[in-house]
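**Q** Take a look at the letters that make up each chain.
4 protein chains.
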Amino acid sequence: MEKIKVGVLGATGSVGQRFIQLLENHPFFTVSHLAASEKSAGKTYGEVMKSRWKISADIPSYAKDIVITLPKPSDTKGVQLVFSGLDSSIAGEVETEYAEAGVIVISNSKNHRMDPNVPILSAEVNPEHLDVLKAQSTPGKILTNSNCTIMGVTISLKPLFDKFGLESVMLFSMQAISGAGYPGVPTMDILGNVVPYISGEEDKAETEPQKCLGTVKDGQIVSAPFSISAHCNRVPVFDGHTVCVSAKFKKKPSKEEILDAWKNFSGEPQKLDLPLAPKQAIVYREESDRPQPRLDLDTGRGMATTIGRLREDSLFDWKWVVLSHNTIRGAAGAALLNAELMYKKGLIGSSK
Amino acid sequence: MEKIKVGVLGATGSVGQRFIQLLENHPFFTVSHLAASEKSAGKTYGEVMKSRWKISADIPSYAKDIVITLPKPSDTKGVQLVFSGLDSSIAGEVETEYAEAGVIVISNSKNHRMDPNVPILSAEVNPEHLDVLKAQSTPGKILTNSNCTIMGVTISLKPLFDKFGLESVMLFSMQAISGAGYPGVPTMDILGNVVPYISGEEDKAETEPQKCLGTVKDGQIVSAPFSISAHCNRVPVFDGHTVCVSAKFKKKPSKEEILDAWKNFSGEPQKLDLPLAPKQAIVYREESDRPQPRLDLDTGRGMATTIGRLREDSLFDWKWVVLSHNTIRGAAGAALLNAELMYKKGLIGSSK
Amino acid sequence: MEKIKVGVLGATGSVGQRFIQLLENHPFFTVSHLAASEKSAGKTYGEVMKSRWKISADIPSYAKDIVITLPKPSDTKGVQLVFSGLDSSIAGEVETEYAEAGVIVISNSKNHRMDPNVPILSAEVNPEHLDVLKAQSTPGKILTNSNCTIMGVTISLKPLFDKFGLESVMLFSMQAISGAGYPGVPTMDILGNVVPYISGEEDKAETEPQKCLGTVKDGQIVSAPFSISAHCNRVPVFDGHTVCVSAKFKKKPSKEEILDAWKNFSGEPQKLDLPLAPKQAIVYREESDRPQPRLDLDTGRGMATTIGRLREDSLFDWKWVVLSHNTIRGAAGAALLNAELMYKKGLIGSSK
Amino acid sequence: MEKIKVGVLGATGSVGQRFIQLLENHPFFTVSHLAASEKSAGKTYGEVMKSRWKISADIPSYAKDIVITLPKPSDTKGVQLVFSGLDSSIAGEVETEYAEAGVIVISNSKNHRMDPNVPILSAEVNPEHLDVLKAQSTPGKILTNSNCTIMGVTISLKPLFDKFGLESVMLFSMQAISGAGYPGVPTMDILGNVVPYISGEEDKAETEPQKCLGTVKDGQIVSAPFSISAHCNRVPVFDGHTVCVSAKFKKKPSKEEILDAWKNFSGEPQKLDLPLAPKQAIVYREESDRPQPRLDLDTGRGMATTIGRLREDSLFDWKWVVLSHNTIRGAAGAALLNAELMYKKGLIGSSK
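Chains as they are written, first to last, in the UniProt record's numbering: chain A, 1 to 352; chain B, 1 to 352; chain C, 1 to 352; chain D, 1 to 352.
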């Protein structure tokens, strides 16, 4: 069976590099289109990335000889889907151009996230949100990932939200420096330090989970009606966002009920056995001091959500700690899992 | 005027070293008694500390020739007050022995903190708690510092608690490794990592602030009736505990009212112009990304509390970030400030 | 074919953990004996290691149920070979006991390294040194790995030594904290810092490479006659020792001759296609700023030696930078590769 | 007595900030001219630096209201001397313009360093090099600091060079990230990592010490005739360059002779009691594991050179470790000390 031709927009950036890595030898997709800024356009990916490749493994050989183009749908010949790691300063417009040209766009940028008929799709959490794509007027469609910080949080909330209802959620994040891209955070700002501020992050953390857990109504997504307050912090960790969560439920569950809900949580990616799906979407660690980025980051090849420290909260009902890999599960991996889901559901590719 | 003779218990540990440093050339006190474990007893401080002194400055010369003894009140000839940086495994008993021998003990250990007639004294916050010392039956008296994590938090709450009343407080800490003493945290556990757990810390953070802000009644301290929930985390920062705070008040203040309360906050240390008192107890930073350990740690020679990022909270009323120096303001400095307060109030020394 | 039963001495330590990990599903060996100190003896490995396992992956399930014993050869029933990650304070004696009991000991400790009929074996470098095992009087035999710091250095020197002869070598190391085991380096000593001293390290670095590159004469190893001077430093890197090397040759080679020698370097592990052998023993990076621990550590699954920055030296002939993974190539992996080599050569196992 | 008016070129950069800090309340100099790029020109220093000030202390109040100008000598009214922290891309030309306009320029940039009649001045090492300023044809004069890496090295060599002569020197540096300015090194490149390359650094390290230790002949500086080979590395340390040194002398001294030479080393800054001069130019630490950036950086308020680990070298004669503060002693502090020296010698100011 022939593979679907895909592209990566913003291929030279941090998220772009992860896409290139995760798409190596992919069973459904083959990369034929790499787009970046004028500085790189016209050169091969291997040439441009020689000293800019920052992942601990070589540039996949398939990518080295692809000539980078500008992010223009006219150059994509046969590409049915693009993964976008574009900077938000240009992502909004460029992604719309691709969608108008008939290409499916799976984006990591914030630009279209809060559009009512654009899903913030997390394959285990809200696959039914794919329904609203029909309501988009363009021949291609746009869907997005959530912000990397709330990816694991939303997964940890999903089975509890379904069973016990949510009233309010408090979030405190300790976010890795890779979340700021490259060159990103200057070392003088973060070495041996913490910075209790990340521009725009708290706004996203306080609105995106409700949309992810929302319902589809008349071709639009209606956010779930609970409140979130977030404190977002940058810490000197390379990869992996750790979030402390306190939550109040409509109906307070027992500890066992929560642990059961997490252990049994399984979504479409697991049912459809998608290539990138972690076997267990949620892994709960019993040790008193877990999850930790260094020890738990690679659980499920970076695609699982690790939770620990479930205990009662004197102000809310329960509190816990969530870790997820911000550039895999929180960005490129989530987008690719979404693409795999669409492929298996016949929303892209030969079966279209 | 002759200086008061004082001692340091646990003189070789991290907190002990800070005491030695801060007591150099002190106008009220002179160190004549250094106590530590059997391994060090009988040797001079300079000899023992040659490769164990971890503060970026030399061992003060006054301390080098003092011969270390075991922590026994019988060895203290003329010492009126001891600062205790003893490990909690022995602090409880040893401190009681000193008090029974007529020595005032100012302790950093948790052992006596929750005794109803032992103050958790923070000189700007609750100097009136010194009244309960009378209710202690021993000739000497024991008073304590709060846990280092909640020191700055309690200072940030004090003027707001007085004016607007507190209903509930959410705390999320990012704590420096020096808080665990030496050798303390193994590098393999924390380099490029965060650990979302510190043994016993959340319990202290959820009970000590209420006692600090409590009232004296019949020779006992009655904790203030508000609730706290805490998430405590270790981060790869050398010195400086950063705490995110969300608070709900009895009567919600305006932003200006809070800022005014902080800016005008001044306590007995400032009125009495105590040697170690920071001119401004609370420093509020207007920048969007402050306080940070690296930039704000030394404010007021490590004795001020730095606050920033005051903003509304969708679940509580207001949220902000507090930083204080955990081994100075949160430990040795706070204890010394308490001693200075007692001295000026005539509770120790010639005026006794 | 039945697998050879092996054991791990010092199974709970850092090197021991790596052995457990690398031996999972090994085609030649099966672990049936785990030995550690009294504190752990009598308990299962899974129980003991629950909060002590420090590798980013779970404890292999095969190891969890093995009951730890004391390091005594009497308990080893059928074990033909043990890997020793014992502390040097006891390794010397214990390893001799095992050898006397007929067990082959492959050791990471320094104790026996400089014995004239004990090889410091590096499978690509000096497989012919296995000949001296015959000269050992015990029924079992002892062989050792080199110190982790000079492992990659010696591999980088080997093909040049063979072709051009060596006169003198200058070494400057920047060593990872995992080299000191667990708990090892206290965070207060190394966070945001470097320590220009590692006890005993420079002595090893100045003598072991000459023995590795030495010749067998009358059942003994005679060290190669060149001089080394070393500066050893600890840096805040998790895994991976980086070493700057300057070398003077008997006959100064051209740059191309050196690069050719490295690129074509291949030893018995490659010829015999040993399970743990990296395809390329030496990987040379052309980029100006490589090798780096973060980017190059996992080359050849941590078993390759990465070199970069070959350039002329105004005092010596040439200088370059070498990186190798200190707990894999520099310790457990090297030992296992040595065991694989012995197995394939018929020195252990069924063919014995 | 009236203070000399001085300026700072590149006032907003890392080195510029240190100048602003060190010049606060200076007894000889008063800052009246701050120059930076077009982005900042026309605004006050306080306004521009609000979120860019990276030193752990507030912006000195004297500087806050100074309006930044472009680096043009026409704007300097009455300024007799400028400290230049300009980027080397523009420093060469701009500094010449100031010199042509009659201003003394003390530069941290490399541009003019190797000009034969421009000293690389280190006040304790080569004050006699000030003589060559006469040979410069401009009314103002240009002098430079050495590269930050070799500053402490050259100080450690000076008394040995004078007494025992130097044949060759090997240098291995572990350099702090502040040496790269701000934003400088991206965190993704250096957190938990080392980078064995710093562009252009080895060239400077291999030529500047010889010029510093050179002799004045016919109005030009003739470099001392010994050879240096350097390996330069970046490590995750905030401030403080640590350098391992191996040296071969014309006449091999004893250990005592070297220690004596260092302990008795004193230069013009000490004799003239210059405000910024450290009492002891060189501090030798007896501990086996010193110097270390964290513990020794602030010795002599960042102006002293700390040395440790003197031991014999099997290839050279002796080896040791040197630490100096790269942004104070290695940059702004050295330049200011040079200015103080010129002032006291009557080369600037009222006595001119």
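One or more of the hints may lead you astray.
The list makes no distinction among identical chains, and a pair is therefore deemed to hold if it is satisfied within one copy or across any two copies.
[What the hints assert, rightly or not] Pairs of lysine to aspartate or glutamate, EDC-like flavour, derived with a Cα cap of 20 Å:
1. K255 / E167
2. K39 / D218
3. K251 / D162
4. K248 / D313
5. K64 / E287
6. K50 / E100
7. K50 / D298
8. K279 / D58
9. K77 / E286
10. K250 / E312
11. K344 / D313
12. K54 / D298
13. K248 / E206
14. K54 / D239
15. K5 / E287
16. K248 / E167
17. K251 / D273
18. K50 / E286
19. K251 / D317
20. K54 / E286
21. K263 / D58
22. K77 / D289
23. K255 / D289
24. K251 / E47
25. K50 / E287
The set of hints was computed from the structure by calculation and includes no laboratory data.
**Q** Does each hint fit the structure? Answer for all of them.
**A** Evaluation of the provided hints:
1. Proximity of K255 and E167 under a CA criterion of 20 Å is satisfied intra-copy only: 18 Å inside one chain copy versus 26 Å between copies.
2. In this assembly of identical chains, K39 and D218 lie within 20 Å of each other by CA distance neither inside one copy nor across copies; the values are 44 Å within and 50 Å between.
3. In this assembly of identical chains, K251 and D162 lie within 20 Å of each other by CA distance solely inside one copy; the values are 11 Å within and 35 Å between copies.
4. Proximity of K248 to D313 under the C-alpha cut-off of 20 Å is found in both arrangements, the shortest distances being 9 Å within a copy and 16 Å between copies.
5. In this assembly of identical chains, the alpha carbons of K64 and E287 lie at most 20 Å apart only when taken from different copies (16 Å versus 43 Å within one copy).
6. For the homomeric pair K50 and E100, neither the shortest alpha-carbon distance inside one copy (34 Å) nor that between copies (44 Å) is at most 20 Å.
7. Taking identical chains as interchangeable, the C-alpha atoms of K50 and D298 lie at most 20 Å apart only when they sit on different chains, with a minimum of 18 Å there against 26 Å within one chain.
8. Taking the shortest alpha-carbon separations for K279 and D58, only the inter-copy value of 15 Å comes in at or below 20 Å, while the best intra-copy value is 27 Å.
9. In this assembly of identical chains, K77 and E286 lie within 20 Å of each other by CA distance neither inside one copy nor across copies; the values are 51 Å within and 35 Å between.
10. Taking the shortest Cα distances, K250 and E312 sit within 20 Å of each other inside one copy (15 Å), while across copies they are farther apart (24 Å).
11. Neither within a single protomer nor between protomers do K344 and D313 lie at most 20 Å apart by alpha-carbon distance, with minima of 41 Å and 42 Å respectively.
12. For the homomeric pair K54 and D298, the shortest alpha-carbon distances inside one copy (17 Å) and between copies (14 Å) are both at most 20 Å.
13. Taking the shortest Cα distances, K248 and E206 sit within 20 Å of each other both inside one copy (15 Å) and across copies (18 Å).
14. Taking identical chains as interchangeable, the C-alpha atoms of K54 and D239 lie at most 20 Å apart whether they share a chain (12 Å) or sit on different chains (17 Å).
15. In this assembly of identical chains, the alpha carbons of K5 and E287 never lie at most 20 Å apart, being 44 Å within a copy and 32 Å across copies at closest.
16. With identical chains, the CA atoms of K248 and E167 are at most 20 Å apart both within one copy (5 Å) and between copies (17 Å).
17. Proximity of K251 and D273 under a CA criterion of 20 Å is satisfied in neither setting, with 33 Å inside one chain copy and 54 Å between copies.
18. For the homomeric pair K50 and E286, the shortest alpha-carbon distance between copies (10 Å) is at most 20 Å, but the shortest distance inside one copy (43 Å) is not.
19. For the homomeric pair K251 and D317, the shortest alpha-carbon distance inside one copy (10 Å) is at most 20 Å, but the shortest distance between copies (24 Å) is not.
20. Taking the shortest Cα distances, K54 and E286 sit within 20 Å of each other only across copies (15 Å), while inside one copy they are farther apart (33 Å).
21. Only between protomers do K263 and D58 lie at most 20 Å apart by alpha-carbon distance; the minimum there is 18 Å, versus 36 Å within a single protomer.
22. Taking the closest pair of Cα atoms, K77 and D289 never come within 20 Å of each other, the shortest separation being 51 Å inside a single copy and 38 Å across copies.
23. For a Cα distance limit of 20 Å, the shortest separation of K255 from D289 inside one copy, 18 Å, qualifies, whereas the shortest one across copies, 37 Å, does not.
24. For the identical chains of this complex, K251 and E47 are neighbours neither inside a copy (57 Å) nor across copies (36 Å), given an alpha-carbon limit of 20 Å.
25. With identical chains, the CA atoms of K50 and E287 are at most 20 Å apart between copies only, with a shortest distance of 8 Å across copies and 41 Å within one.
The structure is inconsistent with the numbered hints 2, 6, 9, 11, 15, 17, 22, 24, although it conforms to all the rest.
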